[in-house]
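**Student:** Spelled out from the first residue to the last, the chains are:
Protein chains: 2
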Amino acid sequence: MAEISTTDFAVTELNKVHRLPQRGHYDRETIYAILDAAIICHASFVQDGQPFVIPTLYARTDDTLLLHGAPASRLLRHIAAGEPVSISVAILDGLVLAKSAFHHSVNYRSAVVFGCGRLLEDGAEKLAALAVLTEHLAPGRWAATRRPSPAELKATTVAAIVIESASAKVRVGPPVDAADDLALPVWAGVLPIHETFGAAIPADHCDPALDPPVIER
Amino acid sequence: MAEISTTDFAVTELNKVHRLPQRGHYDRETIYAILDAAIICHASFVQDGQPFVIPTLYARTDDTLLLHGAPASRLLRHIAAGEPVSISVAILDGLVLAKSAFHHSVNYRSAVVFGCGRLLEDGAEKLAALAVLTEHLAPGRWAATRRPSPAELKATTVAAIVIESASAKVRVGPPVDAADDLALPVWAGVLPIHETFGAAIPADHCDPALDPPVIER
Numbered sequence: 001m002a003e004i005s006t007t008d009f010a011v012t013e014l015n016k017v018h019r020l021p022q023r024g025h026y027d028r029e030t031i032y033a034i035l036d037a038a039i040i041c042h043a044s045f046v047q048d049g050q051p052f053v054i055p056t057l058y059a060r061t062d063d064t065l066l067l068h069g070a071p072a073s074r075l076l077r078h079i080a081a082g083e084p085v086s087i088s089v090a091i092l093d094g095l096v097l098a099k100s101a102f103h104h105s106v107n108y109r110s111a112v113v114f115g116c117g118r119l120l121e122d123g124a125e126k127l128a129a130l131a132v133l134t135e136h137l138a139p140g141r142w143a144a145t146r147r148p149s150p151a152e153l154k155a156t157t158v159a160a161i162v163i164e165s166a167s168a169k170v171r172v173g174p175p176v177d178a179a180d181d182l183a184l185p186v187w188a189g190v191l192p193i194h195e196t197f198g199a200a201i202p203a204d205h206c207d208p209a210l211d212p213p214v215i216e217r
Numbered sequence: 001m002a003e004i005s006t007t008d009f010a011v012t013e014l015n016k017v018h019r020l021p022q023r024g025h026y027d028r029e030t031i032y033a034i035l036d037a038a039i040i041c042h043a044s045f046v047q048d049g050q051p052f053v054i055p056t057l058y059a060r061t062d063d064t065l066l067l068h069g070a071p072a073s074r075l076l077r078h079i080a081a082g083e084p085v086s087i088s089v090a091i092l093d094g095l096v097l098a099k100s101a102f103h104h105s106v107n108y109r110s111a112v113v114f115g116c117g118r119l120l121e122d123g124a125e126k127l128a129a130l131a132v133l134t135e136h137l138a139p140g141r142w143a144a145t146r147r148p149s150p151a152e153l154k155a156t157t158v159a160a161i162v163i164e165s166a167s168a169k170v171r172v173g174p175p176v177d178a179a180d181d182l183a184l185p186v187w188a189g190v191l192p193i194h195e196t197f198g199a200a201i202p203a204d205h206c207d208p209a210l211d212p213p214v215i216e217r
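Chains as they are written, first to last, in this note's numbering: chain A, 1 to 217; chain B, 1 to 217.
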């Protein structure tokens, strides 16, 4: 695997954070940590001037985002045609409750990526990408489960999108209240939001003697 | 408030669920329940042929999605110009772990909306929209907190997007494993994912005698 560049992304009209620029980040460390933390991304593309946005699974490896799906996927056919995509990942960390309605907000980490992609045609490259996608979704499962058969590999289209430009936007911390509001008798603070796993639900065809895996994400 | 139409959205090339059409839904009840359950949406628009997608807060009222932000927001200026947007909401409900890598999946509820919008100029209409946005984010806070001042109202741009077309896509239930894999000694099932609130963190300027609100979302 290639080394990940440690340089920042150049700030251009494409990735510049216009609103609340103090929340903007252009370094790979911040952006990639967000991309590595979420499970679903939103990919957007243009068809006949119309914007489309769809949620999909993804994974990052080095400076590349991987997507996969059925060969008929509109998004993947669009990527195959060399058209640009924009992909966003957002993680909600909390509700920010202020003393005024105006200063209500959310704590979040988001990253937006721009690039063009290509479909992986080489079987070994495709298999390696599916390993990355599986491990991103549920670490440990690539080693634990049956690997794709040639027919399954053929039925899966994998796209690799080089991250040409990107930025992150992050809000942390308490509400910012107006000076005149500080003494209002209204609770102000943050309600943190966490994504947690509930109790595992074994499938009917799963041997009850087997223990569910511990997924560390 | 206008009555919500109870008819389904027409299936067109815009909103048709192509991949796994059995997961597609076109009825308002399903689509609006998803829109009402999430906190962040992803809005996409086209600028000079380039797709953009950004996460933002939103709320639904009747057949309209509301967005708000600073007047300089690229998305809101785009909506003001009458350009089409596509907005997606996705809720991750669980990891679906199969006996093969290929059949791994996620349980989710997602909705994609298409429409054009307009900016609200009328002060009363804008205030009503901000009430809906605040109540969607954190029910009860509109009544509990200081309402927007004229200056704050002016500093907030609100867009209303009529939902012209939409669809939902939902996956529930256990993994679907290939017949040949059923006896493999690999755990298979669902790891449910829940979004939960952690312990409230009062702001330094919050009177410790005040109790945090109970937000029911």
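Some hints here could point you the wrong way.
One copy or any two copies: either way a pair holds, since identical chains are not told apart in the list.
In the SDA-like style, the derived pairs of lysine to any residue whose C-alpha atoms are separated by at most 20 angstroms in a straight line are [as the list claims (entries may be wrong)]:
(1) LYS16 with GLN50
(2) LYS16 with GLY198
(3) LYS16 with ALA70
(4) LYS154 with THR7
(5) LYS154 with ALA131
(6) LYS154 with ASP181
(7) LYS154 with ILE91
(8) LYS16 with ARG77
(9) LYS154 with GLU195
(10) LYS16 with ARG74
In short, the hints are calculated from the structure, not lab data.
**Student:** Tell me, please, which holds for LYS154 and ASP181 at an alpha-carbon limit of 20 angstroms: within, between, both or neither?
**Tutor:** between (61 angstroms within a copy, 19 angstroms between copies)
**Student:** Check LYS16 against ARG77 for me: Cα-Cα at most 20 angstroms, and say if that holds within a copy, between copies, both or neither.
**Tutor:** Between copies only: 16 angstroms across chains, 28 angstroms inside a chain, cut-off 20 angstroms.
**Student:** Classify it for me, LYS16 with ARG74: is the Cα-Cα distance of at most 20 angstroms met within a copy, between copies, both or neither?
**Tutor:** Answer is between; shortest inter-copy Cα gap is 11 angstroms, intra-copy 28 angstroms.
**Student:** Evaluate LYS16 and GLY198 at a C-alpha cut-off of 20 angstroms and name the case that applies: within, between, both or neither.
**Tutor:** neither (38 angstroms within a copy, 33 angstroms between copies)
**Student:** State whether the alpha carbon distance between LYS154 and ILE91 is at most 20 angstroms within one copy, between copies, both, or neither.
**Tutor:** Cα proximity of LYS154 and ILE91: none, with 33 angstroms in one copy and 29 angstroms across.
**Student:** At most 20 angstroms between C-alpha atoms: does LYS154 with GLU195 qualify within a copy, between copies, both, or neither?
**Tutor:** Result: close neither inside a copy nor across copies, 34 angstroms intra and 36 angstroms inter.
**Student:** With identical chains treated as interchangeable, where does the CA-CA distance between LYS154 and THR7 reach 20 angstroms or less: within a copy, between copies, both, or neither?
**Tutor:** Neither, since 37 angstroms and 40 angstroms both go past 20 angstroms.
**Student:** Reference check for the pair LYS16 and GLN50, CA-CA at most 20 angstroms: within, between, both, or neither?
**Tutor:** between (23 angstroms within a copy, 14 angstroms between copies)
**Student:** Can you tell me if LYS154 and ALA131 fall within 20 angstroms by alpha carbon in one copy, between copies, both or neither?
**Tutor:** Within one copy only: 15 angstroms inside a chain, 51 angstroms across chains, cut-off 20 angstroms.
**Student:** Could you figure out if LYS16 and ALA70 sit no more than 20 angstroms apart (CA to CA) within one copy, between two copies, both or neither?
**Tutor:** between (33 angstroms within a copy, 16 angstroms between copies)
Checked against the numbered hints above, the structure violates hints 2, 4, 7, 9; every other hint is satisfied.
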